[in-house]
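J.: Spelled out, the chains give:
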Amino acid sequence: MNGLSLAISAEQQRELERFYFFEARLLDNREYQQWLALLSPEVQYLMPARTNLMVDNRERGQESMISVERELEDAESMGCPLREETIIHLTVRVERAYKINSWSENPPARLRRLVGNIELMAEDEGALTVWSNFHLHYARPGSADYRYSGQRRDVLQREDDAFLIRRREVILDYADIELPTVGLLF
Amino acid sequence: MNGLSLAISAEQQRELERFYFFEARLLDNREYQQWLALLSPEVQYLMPARTNLMVDNRERGQESMISVERELEDAESMGCPLREETIIHLTVRVERAYKINSWSENPPARLRRLVGNIELMAEDEGALTVWSNFHLHYARPGSADYRYSGQRRDVLQREDDAFLIRRREVILDYADIELPTVGLLF
Amino acid sequence: MNGLSLAISAEQQRELERFYFFEARLLDNREYQQWLALLSPEVQYLMPARTNLMVDNRERGQESMISVERELEDAESMGCPLREETIIHLTVRVERAYKINSWSENPPARLRRLVGNIELMAEDEGALTVWSNFHLHYARPGSADYRYSGQRRDVLQREDDAFLIRRREVILDYADIELPTVGLLF
Amino acid sequence: MLDLDDLVSEDASRISRRCWSDPAVYAAEKKGIFGRAWLFLGHESQIPKPGDFVQAYMCETPVILARGEDGEVYASINSCTHRGLPVCRASRGNTRRFVCPYHNWSYTVSGDLVSIPQESEVNNKPDKSKLGLKPVPRLASWRGLVFGSFDADILPLPDYLGDMRFYLDALFERFPGGIEFMGEPHRWILNANWKLPVENQLGDVNHGAFLHSAIVPREAQDVIAELGYSAVTAPGHGATFRLMPEDAPAEDVAWGLEGMGGIFGGPEVQEYLREIQARAAERVGPIRARMKGLTYGIYPNLSFLWSNTSFKVSHPRGPGKVEYWSWAVVPADAPCAVKRALRTNYSSFFGPGGMLEQEDSEAWMQQYRGSAIDFADDHKYFYGLGLGEEGPHSDFPGQVSVTANEFYARNFFSRWRDDLARVAAIS
Amino acid sequence: MLDLDDLVSEDASRISRRCWSDPAVYAAEKKGIFGRAWLFLGHESQIPKPGDFVQAYMCETPVILARGEDGEVYASINSCTHRGLPVCRASRGNTRRFVCPYHNWSYTVSGDLVSIPQESEVNNKPDKSKLGLKPVPRLASWRGLVFGSFDADILPLPDYLGDMRFYLDALFERFPGGIEFMGEPHRWILNANWKLPVENQLGDVNHGAFLHSAIVPREAQDVIAELGYSAVTAPGHGATFRLMPEDAPAEDVAWGLEGMGGIFGGPEVQEYLREIQARAAERVGPIRARMKGLTYGIYPNLSFLWSNTSFKVSHPRGPGKVEYWSWAVVPADAPCAVKRALRTNYSSFFGPGGMLEQEDSEAWMQQYRGSAIDFADDHKYFYGLGLGEEGPHSDFPGQVSVTANEFYARNFFSRWRDDLARVAAIS
Amino acid sequence: MLDLDDLVSEDASRISRRCWSDPAVYAAEKKGIFGRAWLFLGHESQIPKPGDFVQAYMCETPVILARGEDGEVYASINSCTHRGLPVCRASRGNTRRFVCPYHNWSYTVSGDLVSIPQESEVNNKPDKSKLGLKPVPRLASWRGLVFGSFDADILPLPDYLGDMRFYLDALFERFPGGIEFMGEPHRWILNANWKLPVENQLGDVNHGAFLHSAIVPREAQDVIAELGYSAVTAPGHGATFRLMPEDAPAEDVAWGLEGMGGIFGGPEVQEYLREIQARAAERVGPIRARMKGLTYGIYPNLSFLWSNTSFKVSHPRGPGKVEYWSWAVVPADAPCAVKRALRTNYSSFFGPGGMLEQEDSEAWMQQYRGSAIDFADDHKYFYGLGLGEEGPHSDFPGQVSVTANEFYARNFFSRWRDDLARVAAIS
Ligand code: FES
Ligand code: FES
Ligand code: FES
Ligand SMILES: [Fe+3]
Ligand SMILES: [Fe+3]
Ligand SMILES: [Fe+3]
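Chains as they are written, first to last, in the numbering used here: chain R, 1 to 186; chain D, 187 to 372; chain L, 373 to 558; chain B, 559 to 985; chain F, 986 to 1412; chain A, 1413 to 1839.
Looking at chain R on its own, in the form it has when it is part of the complex:
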């Protein structure tokens, strides 16, 4: 996908931002059960692995030479994505969060994300392709703070006046993972 985002109106953009700010608040407040209700039962939740490939001199002079795509090991690849999840995985993760023995987050960590650069890239009968960026501040008791940075490539599906997340691909911007886990809900 390329070029400017769709030329939608400010009201349509506002509708998307309202949704994403709400979703972000649920995640920052650890209200994961409510968040789960924003997902389609068929949701695909993907996080490609990111590699440090040698660039190919035959592509020199072209943007493709250093495109983000080529460094991703995604669901279609024969590498191994970091996460390939369904509603089952996400449900287990959410249930875990409300158990006393979810040790690594008991006491719970602080979460605060800025969701920005929200762009509607395509719309096709009720399926909205929306890309956005996030910077997430994550502070776990007794350890340092971490910054999670990434892009989310979503497919939202319009349910009467609400949205459901049908697909989310989280492109995490790591070169080396110096994070305690990438198993958070992004």
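All clues stand as given, with none of them false.
When the alpha-carbon atoms are kept at most 20 Å apart in a straight line, the in silico PhoX-like pairs for lysine-lysine are as follows:
no., chain 1, residue 1, chain 2, residue 2
1, F, LYS1365, B, LYS589
2, A, LYS1792, F, LYS1115
3, B, LYS683, F, LYS1365
4, B, LYS938, A, LYS1546
5, F, LYS1365, B, LYS692
6, A, LYS1540, B, LYS938
It should be emphasised that the hints constitute simulated quantities derived from the structure, not laboratory data.
Keeping the supplied structure of chain R fixed, place chains D, L, B, F and A with the ligands upon it in accordance with the hints.
T.: Same frame as chain R, but now just chains D, L, B, F and A with the ligands:
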């Protein structure tokens, strides 16, 4: 407060964002005297302390078990908030900033904040409850850079075509405070 | 420039944000050739140096005492800005990016920026003065992550229904530069 | 081997930068100072009920301070005997058991091991009575202040505190219910050496009108110059205070009234504070009733602020890093509204958000930078102000002098040097 | 000089915190453990074609594992002979030459220096044959697993692996094409000591139902208690597994079916897995056909997860830091769709995003914190569970016992102590 | 004790990685190199007026370089005698006094202590004349370049600079007003050892067409191969330059014209530069008028770029960390507009935003990584290019050779080794 933010129009949202971007610019530019003029004389400026409580197994399975609220020592609590300030405190802080012996900020530190996820949560005869997130980059000469992350829960009051801040609660997202001070103006 | 940003409509603000989110995506995706097409051939690309000056006691009590302006060594000063570039510099930088021997970025670094606090400060026959803030996450293989924080003071020129960047001044928020390079495209 | 005489001169008036920056000095401090002193752990008001616990530190060692099922206070090192994980992850709470995350060995709040899930599958059962958390060797409390020590042979706490009790009681005894700590300590990390905050509050009140001149008026300094005293009850301890004139109006003498909470807290607060002051003489005697404390220090790393009503502990985290803790302190018997108002006497100016503390923090971090400078060993710090000008006083125990006299710091470093010498001798 | 007997008791049932936290111990480990062992570098399936290469590490030393023009496997230290820069900057790829950025000396993938651009301008040309990348002194592979060693005199790899081959083949040999590594390893940094992840997978399966009780049902533990074994083929190596009853339905025994990919992968995946199990007995024999592995460990820092189908290496980065690598492993001959499904048996629970690994990572980081505690040297870790309860077994090589028996860890630390003693002796 | 012969071979053609990475080496360098050399502090054009000051460093020690009331230049260590805080917090400015934040002791810009506010309250007043800031033991300047030394017995600066003056004057003397530093240095932190940037600019011009091949055309290298020289006036010092043919057009020879500012600066700039070149022969003689410098180095850590018109200092911050400073340098008598244009000859390619420097920075950081590799001590770096191929030259002082000859680096490390040996001997 819960659920989606109010279904206001793009124009109304724009009005709020215009105000918050202006306020942020005043703070980033250290134009604190102008910032002070955005406060109601009755302003309450609060920063709860944040604790690492044992989660309560009796609440397992419920979002309340790990809610942000329960880890705050706020103004109503019998703990000790980090800050409970009035216009007097804030005026002293602003005056200090323009004295040569405000040693810890002479030379002045760099400030740059992104204010985002702005949500109008309630409106009640001219009193607007607005929540927003911020990430503040703070760089003090001769020391490292710091990231301040938090949420601001404001009550704005509409003064003809302007806003005044009547109440601000800053929820700082720290687990352990590795910041030189939390006495900045957020 | 001071005071609130111009009282433009949500649609006008949306137009600016759409442009800046697009530009940010090109830079995050390393699509620098497309980015170059957003520049006016007369573009001035400036990055002032930032100093830690003694504050002047004679200005005590005034905002000017600690204004950001006074700590900048910009194009007009007799100090030395970090960067004073034209379309020639930027073209060389973009061409470099697609060569195999742009060693410090081969393999390429991760980039992700949030562009926010977008304010139209002035408009004068097709020349728009737009200020915005950014936080850029930069991760180079085999080294730590970095946060670039700054303000961009742009002059955009309207070309029929598009914008061209005619002037950009990047105010980087460093006190001491602990970054591998400030030669990135911001 | 440390050359202690090079670090601290005979009369402690010249001191080497390396005392604050040398890793070898820091290693010696762990053994010589923190291994042999009474270290503050917390206040009993934080753990009123059986099962209550709070986290604490002794130097870098994490400790659980808890009220056992039997109502007694216990202190154990927070590290599982199996593989060492902290078994208590919360900063405070109430529980019957600490369950270690890794293999769920579980311990009572007083540190006894009560279950090893895995043992059911082996024949020889481990002797749990030998596998509890390591208890802090010595534990004692005075006026609800709980201290622990790694030194089993340390002298009793009252003797250790000595005449500092006289100065502490000047405040504590004014309140029928004594004092109470409000909620959790504020904790923050500074890139400074642990001794800098300690020295500051041990007696360095004369930095106030200078470091804090953007906030503190010069007059405050004049009052201190006029009415201020600095007392050293024993090397390493210290108290600074003002002795108000006999004819001073109660408003000027009363504890709490001069702070933000006192000034803006409204009639209920002011009424309460006047009331306390009215009874002060009968409770603590005429002299101490006129005392307005400034800062206190108890060797090695406990500090107390009188007007700003706070206890502080400086926990070392290496030569150049400190984790600083401070608690708001209020009268235990005050109404909740009054307590809430009075805590702002502390938080307005101190703690990580305090208007004064932001300058102190920077000063300490800057001193650490200065202390790490090379090529300046021949240019030692000057600790000589008022050398030999202290002496006994009719009304106040200890050596007493004007606050500008740096004898409090010279005494601290003499004791510090001797403590390190003792280790050097044995090791 | 390290006091090794103080670090690890005679029978290795009590171990000092300093084994995980003392920088002097770490320095000794580099020489004594990593300088003298076979270290895992990668799998031949990662570099099928001439010119293929992947990055690897031996302790902290970066190594290039490559397939030379001649089709042979080579391993060289990734540092230019001129000024030391890594000449290979990518994590994997295929190339004819590694060109050093600084002055463009260029090397073949097998490490030979082939060009020095600057030499044209000097008279005496350097002897390139002496200036190649430093080769890893010993290199060997078994079943495609490539190992390297800094010790030129180390015993042959097969002898080093010894009976671990019996346990590894129980899985590898089920697949006609053997196994294959999928793509790059996942790499992440943890603030933990390198030995903690190793111990965990060497035999500590009994943490599962406890550390992971938010995800793993208690029943899983009961099955392990009932059917589980822990085997130590030689000190430092270990394997844990379940031996399913003879009458257990194939579904319960088959590798892969119990994982996310197996359960939700659809008929093609399940068909494939049943098929494999159907032939298991003829391929690996009746006993091993009933084996369901849990975790394996190969001294010093290689681990293998059976059901979660992964190899892991714990690369030290200092006493308190580890770079952890893990690869998804699948049958080489499975269809692509099946491989994709099976990799989620790994990634759903392990790796940096795994639902279980997030708890393990935290536990290891917390143990490091506990291991750095002062004033607790007299309170050593307890490694005594099941002391002396292991013994030989008719069907399984090595010493065998219940999984709750910590003999796997005692054996690891006995070997570890002896290895360090050997260095101490020579240095 | 460092085994210096193992670190640097007899002829310095093979050098151990540990020279850049070993903390013990770094500790020795502080004493042996930085404690005994002339270190660059700044240029007099930065502090024209009484009260002007700039910050500087000598190794890790912060220094204030100032113009005293008496118009003389002074250098003092920036650390209060009382408790050590830096008394000067700004990077530059003009002031009558440095006031220490903590207790407001105040000092003149030349470092004399003039007031101790607290002394009014004690009887024995401290002797202020003994409590000033520590002065830098030796201070000297040449052509406005100010150097300081911790070694009171060091040889005079002119002798130290020796024949480097010949090469520096080749540029400085072209300008009637000499040179001027524009504003503050650009400062940035790199995870590299301090010697890497130094070596690079001491003579390693042959990395240009390779490390920088994305920007620098191969032709540039050919020109250097054809017209380039490398000179070592004394071990540790060095100059590289091109000697243009006698018939070369002034455009090709003139300083400044080949840079961004020269090319795009417009007629005023070009006119100015041609004018300077037209007078070059009479000012610096026929030979030096044809010189176009490349890079210079002055032992231990000062560098100079001719075409890119910059001075650079590499301030150590530990074995693996450097704070790198660089200043734009322009002719003092040029019009402001010309100065502004010429500074881009520097900033377009060098400094933290420079198009070339971004590659250099990465190369140095990568070399540090390579230098920290274990298990490669037997595989030393190769410094042997052109061994013994240097010699005297009729027109140029010092040993001279082609730029590909690494004798500049061998000389640097021989001197470095001998300097460390001298310390080892005494300590
Ligand atoms: S580490 Fe505590 S139970 Fe095993
Ligand atoms: S460092 Fe590798 S070629 Fe010079
Ligand atoms: S530290 Fe400088 S005046 Fe006290
Ligand atoms: Fe203070
Ligand atoms: Fe586990
Ligand atoms: Fe270069």
